[in-house]
Each structure stands twice: as structure tokens, then as C-alpha cells.
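2 protein chains.
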Amino acid sequence: MMKNIKTTLLLLLMVQLLVNDVYAQKQPITLVEQGSFTVGGSVKTSPGTFDPVAHGAFNPSNQATEGQTLHGDHATVFYQIPDSAKKLPLVFWHGYGQSMRTWQTTPDGREGFQTLFLRRNFPIYLIDQPRRGLSGRSTEPTTISAATDDQLWFGIFRLGTGSTFYPDVQFSEDPEALNQFFRQITPDTGPLNINLNIEAVSTLFDKIGPGVLVTHSHSGGQGWLTALKNGNIKGIASYEPGSNFVFPEGEVPETIHYVGGALSARSVPMTEFNRLTEIPIVIYYGDYIPNEPVAHPGQEQWRAALQMAKLWTATVNKHGGDATLVHLPEKGLKGNTHFPMSDLNNEKVAVLLAEWLKEKGLDKK
Amino acid sequence: MMKNIKTTLLLLLMVQLLVNDVYAQKQPITLVEQGSFTVGGSVKTSPGTFDPVAHGAFNPSNQATEGQTLHGDHATVFYQIPDSAKKLPLVFWHGYGQSMRTWQTTPDGREGFQTLFLRRNFPIYLIDQPRRGLSGRSTEPTTISAATDDQLWFGIFRLGTGSTFYPDVQFSEDPEALNQFFRQITPDTGPLNINLNIEAVSTLFDKIGPGVLVTHSHSGGQGWLTALKNGNIKGIASYEPGSNFVFPEGEVPETIHYVGGALSARSVPMTEFNRLTEIPIVIYYGDYIPNEPVAHPGQEQWRAALQMAKLWTATVNKHGGDATLVHLPEKGLKGNTHFPMSDLNNEKVAVLLAEWLKEKGLDKK
Numbered sequence: 001m002m003k004n005i006k007t008t009l010l011l012l013l014m015v016q017l018l019v020n021d022v023y024a025q026k027q028p029i030t031l032v033e034q035g036s037f038t039v040g041g042s043v044k045t046s047p048g049t050f051d052p053v054a055h056g057a058f059n060p061s062n063q064a065t066e067g068q069t070l071h072g073d074h075a076t077v078f079y080q081i082p083d084s085a086k087k088l089p090l091v092f093w094h095g096y097g098q099s100m101r102t103w104q105t106t107p108d109g110r111e112g113f114q115t116l117f118l119r120r121n122f123p124i125y126l127i128d129q130p131r132r133g134l135s136g137r138s139t140e141p142t143t144i145s146a147a148t149d150d151q152l153w154f155g156i157f158r159l160g161t162g163s164t165f166y167p168d169v170q171f172s173e174d175p176e177a178l179n180q181f182f183r184q185i186t187p188d189t190g191p192l193n194i195n196l197n198i199e200a201v202s203t204l205f206d207k208i209g210p211g212v213l214v215t216h217s218h219s220g221g222q223g224w225l226t227a228l229k230n231g232n233i234k235g236i237a238s239y240e241p242g243s244n245f246v247f248p249e250g251e252v253p254e255t256i257h258y259v260g261g262a263l264s265a266r267s268v269p270m271t272e273f274n275r276l277t278e279i280p281i282v283i284y285y286g287d288y289i290p291n292e293p294v295a296h297p298g299q300e301q302w303r304a305a306l307q308m309a310k311l312w313t314a315t316v317n318k319h320g321g322d323a324t325l326v327h328l329p330e331k332g333l334k335g336n337t338h339f340p341m342s343d344l345n346n347e348k349v350a351v352l353l354a355e356w357l358k359e360k361g362l363d364k365k
Numbered sequence: 001m002m003k004n005i006k007t008t009l010l011l012l013l014m015v016q017l018l019v020n021d022v023y024a025q026k027q028p029i030t031l032v033e034q035g036s037f038t039v040g041g042s043v044k045t046s047p048g049t050f051d052p053v054a055h056g057a058f059n060p061s062n063q064a065t066e067g068q069t070l071h072g073d074h075a076t077v078f079y080q081i082p083d084s085a086k087k088l089p090l091v092f093w094h095g096y097g098q099s100m101r102t103w104q105t106t107p108d109g110r111e112g113f114q115t116l117f118l119r120r121n122f123p124i125y126l127i128d129q130p131r132r133g134l135s136g137r138s139t140e141p142t143t144i145s146a147a148t149d150d151q152l153w154f155g156i157f158r159l160g161t162g163s164t165f166y167p168d169v170q171f172s173e174d175p176e177a178l179n180q181f182f183r184q185i186t187p188d189t190g191p192l193n194i195n196l197n198i199e200a201v202s203t204l205f206d207k208i209g210p211g212v213l214v215t216h217s218h219s220g221g222q223g224w225l226t227a228l229k230n231g232n233i234k235g236i237a238s239y240e241p242g243s244n245f246v247f248p249e250g251e252v253p254e255t256i257h258y259v260g261g262a263l264s265a266r267s268v269p270m271t272e273f274n275r276l277t278e279i280p281i282v283i284y285y286g287d288y289i290p291n292e293p294v295a296h297p298g299q300e301q302w303r304a305a306l307q308m309a310k311l312w313t314a315t316v317n318k319h320g321g322d323a324t325l326v327h328l329p330e331k332g333l334k335g336n337t338h339f340p341m342s343d344l345n346n347e348k349v350a351v352l353l354a355e356w357l358k359e360k361g362l363d364k365k
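Chains as they are written, first to last, in the UniProt record's numbering: chain A, 1 to 365; chain B, 1 to 365.
Fair warning: there could be bad hints in the mix.
As the list makes no split between identical chains, a pair holds if one copy fits it or if it spans any two.
Unchecked claim - The calculated BS3-like cross-link candidates involving lysine-lysine, where the alpha carbons are at most 27 Å apart (straight line), are: (1) Lys207 to Lys26; (2) Lys207 to Lys310; (3) Lys318 to Lys334; (4) Lys358 to Lys229.
For the record, the hints were derived by calculation from the structure and aren't laboratory data.
Predicted model only: the values in this text are computed from it and were never measured.
Let the sequences and hints guide you as you build the complete structure.
Given below as C-alpha cells:
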């Protein structure tokens, strides 16, 4: 009898949680403001004088450049401020080959972190870094090869190997989901220059004030470097940081060699490094990352990154910092790709981040 | 005495209108949904077999392409559905060198059409056409020159001549506004192909159903061509269409020659043309467009476009259509550039569009 009552209560609770969850998804979102702007960038000027009469017609094959400028190398930002907003916004910075689309609708058509965290009352800022996506103008030329490389990214982004999904991967089997995922990729429109990126994102934090930086993959390392120079970054959550780990001089670990490449760390003076011990930091890695060397470079790269991230968090904490490394499978979240923020279980991934933000006092109103 | 009362009442009314206006700007916006997705596009496949072990590491200087695909040539769409939404969404399509940024925050930091029409309860869809902005993946390669050309666009976009603003232009004198305006520009990431663009936007209307297309400049002509093939386009508002005007066979006007170029029209069978007589269409042009030839190509191009648009609306209407050409200065809106949707008086420009939508029954709930 008691057992039946307990079971019934448990079932009722589960139904209630399910209803709450569906209800939360369907609730309208109230915005007090939204908009877009660019930050950072540079201006290139060609010598001479511009003649608007002689050279004022568009001539794609032979445009006169004398005396003209080009504004480029900026970041583009789209932001939304919800009602009853938390004090600190979340600033989302995409990874390599990606744009602000990373944080929007998932490949299978559900809400991404942009909307999931608006629902949690965080102001959100989405970045397209310089020379990518909406920030297309570059002061340096480039060639876009249009080379076929979807299957390369399928492997590096850890959906699977070749064209075969990993078993139980948190990615929809609907072919349209993979179609949307591939179309999220967008090329560099100028030479990749992380100093430009860091400068632009730092300028963003100068403009908006204190906030929490959320990075992914290639922006992970750039995020540490940005935090070194900007005190307005009050916390960092990093999904699968891949490179540019920053260690104090004399404490830089050896390069980690793996099938397909090598991962080295950066060195900075201890006085600079200390900045990273002053803010709470959390790092998340997904599934299918081996402990020992394997043959597939798409997995190997992340074996090295996870290993380096472990050394890094230990170093940060040794110097009084507050860095947490979360390997999602160890938290019971299995099957995550390199994109936990848009995987099928992204709501659970969001809950982990929300709990961390609360624990660190970064979610106050 | 009567006169004083009248004056007082008039003043009170004016204050009330001002308060309403400010109030409208500050009201929160309630969204029932927002998100992003891609439409259209193609898949390029390289012959051979992809070997994820041998070729699974990222090698920017020599990537193996064998057996790999590339998903490209799609359009990217960001959408928002407000509470108490109108039935027909507004689908915003940018012009040459532009992206969805055209419809977002204005260069001087005010609300653009995205938010102004959300406030009027229209669902909004913003497009980045194939090979531009967030839709960066192209199946064909290209080179981006990074040539200095800001002053060329300053002229063609009719802010002024050279670097000198037109007198009384509806553009902020704050240098930061011009900085933001230039940084809105974003290059093609593949060869421009209007057939791809039309296909992608038509696929969007297949997906979302009936709606109103809002075009700008280069998308104006592409918009007519898209409407020819998709019956879900229930109306078109076109800001400063520049090319690809479509006439029935045998009624194509002569090419209009102007300083810096020539504008020709397209010919389609009458059976196809008739489609453009079945939907309400409105076209808007701004200020600084001369009636007679002048020396500056930046103005000349729009003299030709306006002249062609007059011939075009007359032809549409002769065949039973409902096309309206609005030259904004004749409506009392002076000083508009090639970007009326983001000029200083863009709220007034929005009112004109809202009134037209209402008049044509396109704003029903």
C-alpha cells in the first residue's frame, strides 16, 4: 500500500515535471530590447584621391580604389534583453567554421542556447567574429576554395566516423538535421587572425560592461586570452576548448602529440596568468573522446584537448583559481558530440550551465 | 478665445502623439517563437572515397577532398513570431553587398524594420541570401579582393558624393553611424547567381506558406522573378529596386543609358507576367534622384531605376495589376538615402508601409 502510494506520487511528480518542461518551452518570451551592432575592426585606406564622378560607378572587374577606405575586421553582435533580466549577460562566441548560428535553433529544429537562456532571463549577445558570417568585410584578401570537406567536419565535430554516426549519438537520425548542420558551416572571408578576434570581443566587453563569456572549440583558447586583457569578463563557460591554453611561464606542459597533429600550450607571465585565477571557469567536453591513442584523427584531436584541459584546470586551481572540468559522460550525459549546446540533450546541458552560473553567483538579478 | 482653446487642444494632441510614440518604442515585445534555419542549396560531391583515418585531420594547406560532399548555396533565415500575430509574415530580403543587418538596428542605433514590424505584430523573416553573410558556404570558389570601396558605396547608396553628405540627408552626423553603416557591408563568398537566390527564397515561401516579400535594391528584381514562380507571395513592397524589371514579351522598353552604365529590362511571356498583376505591389524611392542626367554615377543609376520603375508600374497596371510607385519626396519625406528602412525617418517610412499593408488587406490577424 505505502509502496503504491509512493509509486503514484513519484509518477505524478514525473508527469508534473514533464508538463512543466513542455510548458516552459511554450511560454512566450518578453524582450525589452533587441538589436545588432559591430565592435572593433580597422580601416584600410588607399593612397590617392577618390573621384566620385570618374570612379563612382560599380565596376566589379576593375574598380578604382584610389583614395577610398575599407572598414573591416570588426565583430558583429546580435543581442536580446529579456524582461526581469539577470544582471550579467551571456556572451556567446562560436568556434571554427561557425557563426552565431551555433547558438540558435538546433540542426533538428529545437531551441538553442540563445533562446533557452533568454527563457532563463539572461541577456544574450551572439558574436560573429571578424572575417566570418555577418562580419564579412576583411582588410586582407582571401580565396575561398569551396573544397568538399563535410565528412572531415563530421569526424572532427564527433558526430561519427566517415559518414557513420557513433552509436547512441545525441544527434537526430532525420537526414534534414545533418543537412541543416552542414549548412551552419561558414568560411573565413579573410585570413584567420586571433588577435583581431580577441581585440573585437574585448571591445564588446568594454561596451557592454560585466558579463559571462561562453565559448566553443576554437574560441575557447581565444576566450582565455580575451579574459587576460578585459576585467569585465566575470566568468567563462567553455564548451570543448581546442587550443591556445595559457600557462604561467615555467609551467607550460609538453606538447601533446596525437594522430594527425600536436597540441602546444602558450606561456604568459604569472602576473598575467593570475587574472584567470580570479574568475570562475567551467569547461565541458562531450562523449567519444578516447583515453588512449586511436587511429581516427577526429577523435585524437579531442583526446589531446581534454588531456590539456585537465592539466590546465589543475594549474589554475593550484594558483588559487576556480576552474571546473566536466566530462559530460561522467555526469551521466552520454552521446554528446563536439556541439553539446545543440545536441538532442541540449536542455540538460543548459541545466548544468544554469546550475553552475547559480552556484558561482553569476545569475543574480 | 476659441483660437486659444484650439491651439491648446492641438498642443495637447501633439504631446499625446509624442508620448504614444516614445511609449511604443519602449514597450516590451512578446515573442511566441524565434529561430533560424536554412532553405534551398545544393550538394557538391567529389569522386572517390573518403578515408576518415588517413584524411581525418584538418589540413588547411592541403585538404584531401576525395569522396567528400559540400553543402552550400542555401539561404539562412532568422525568424520571430510575436504574440497576437498577423496572419501574413513579412519576409525581408537585403540588397547587394548587404545581409539581414539591413533590417536590424540602424547605423545610428535605433530600431530597424525587424523590430518596428514585430511591434506591429507581424511575424518577421530575415534572409541572408546564398553566398552571403551567414549563408557563407558556396559550391563554387571565389576570391575576396578586400579592395577599398567605401566611398563608391557612399555614392551609390546616396548618402552623398565622395565623402560629403547631401544637405539635409536623413543620416546621422555622428561619425560612429557611418562607421556602423560601412561595417554592415559584407562580401559575396561565391559567384553571385540570382537563380540560386530566387530558388532559395521560393523554397522559403514553400516552407512558410503565404507571406509578403519586402525587397531592397538588388533583391527588388529578384523579388519579381521569385513571385513569378511562387504563388505564396501575396504582396511585394520593394525599396529602391535597381534591376531585373520584368516586362511582357513585346512590351519591353528600350535600355536606359546613364552615366556609368545602362539598365535593360527582362522579357517574359504574358502568361508568366500576369502573375505580377495578381498581387498588390508597392515601390519606394528616396531623395537625391535627379530627373535629368547628371555627372555623378551614384545618382545616375537611380535616375535610370526610377524611370524604369515608372514604366514598369504603368505596364503592370495597364494589364489589370495593382502597383504603386511612391517617390518619397513627393509624399513629404525628404532626405532619404538608398536605405529608407534605416534612415533617420525610418519610423515614418514604416508607417507608410504599414498603411499600405492595411489598405491592401495584408495585415489581417
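Structure-based check of all given hints:
1. For a Cα distance limit of 27 Å, the shortest separation of Lys207 from Lys26 across copies, 21 Å, qualifies, whereas the shortest one inside one copy, 33 Å, does not.
2. Proximity of Lys207 and Lys310 under a CA criterion of 27 Å is satisfied in neither setting, with 33 Å inside one chain copy and 46 Å between copies.
3. Proximity of Lys318 and Lys334 under a CA criterion of 27 Å is satisfied in neither setting, with 30 Å inside one chain copy and 65 Å between copies.
4. Taking identical chains as interchangeable, the C-alpha atoms of Lys358 and Lys229 lie at most 27 Å apart only when both belong to the same chain, with a minimum of 25 Å there against 52 Å between chains.
The structure fails hints 2, 3 (numbered hints given earlier, in ascending order).
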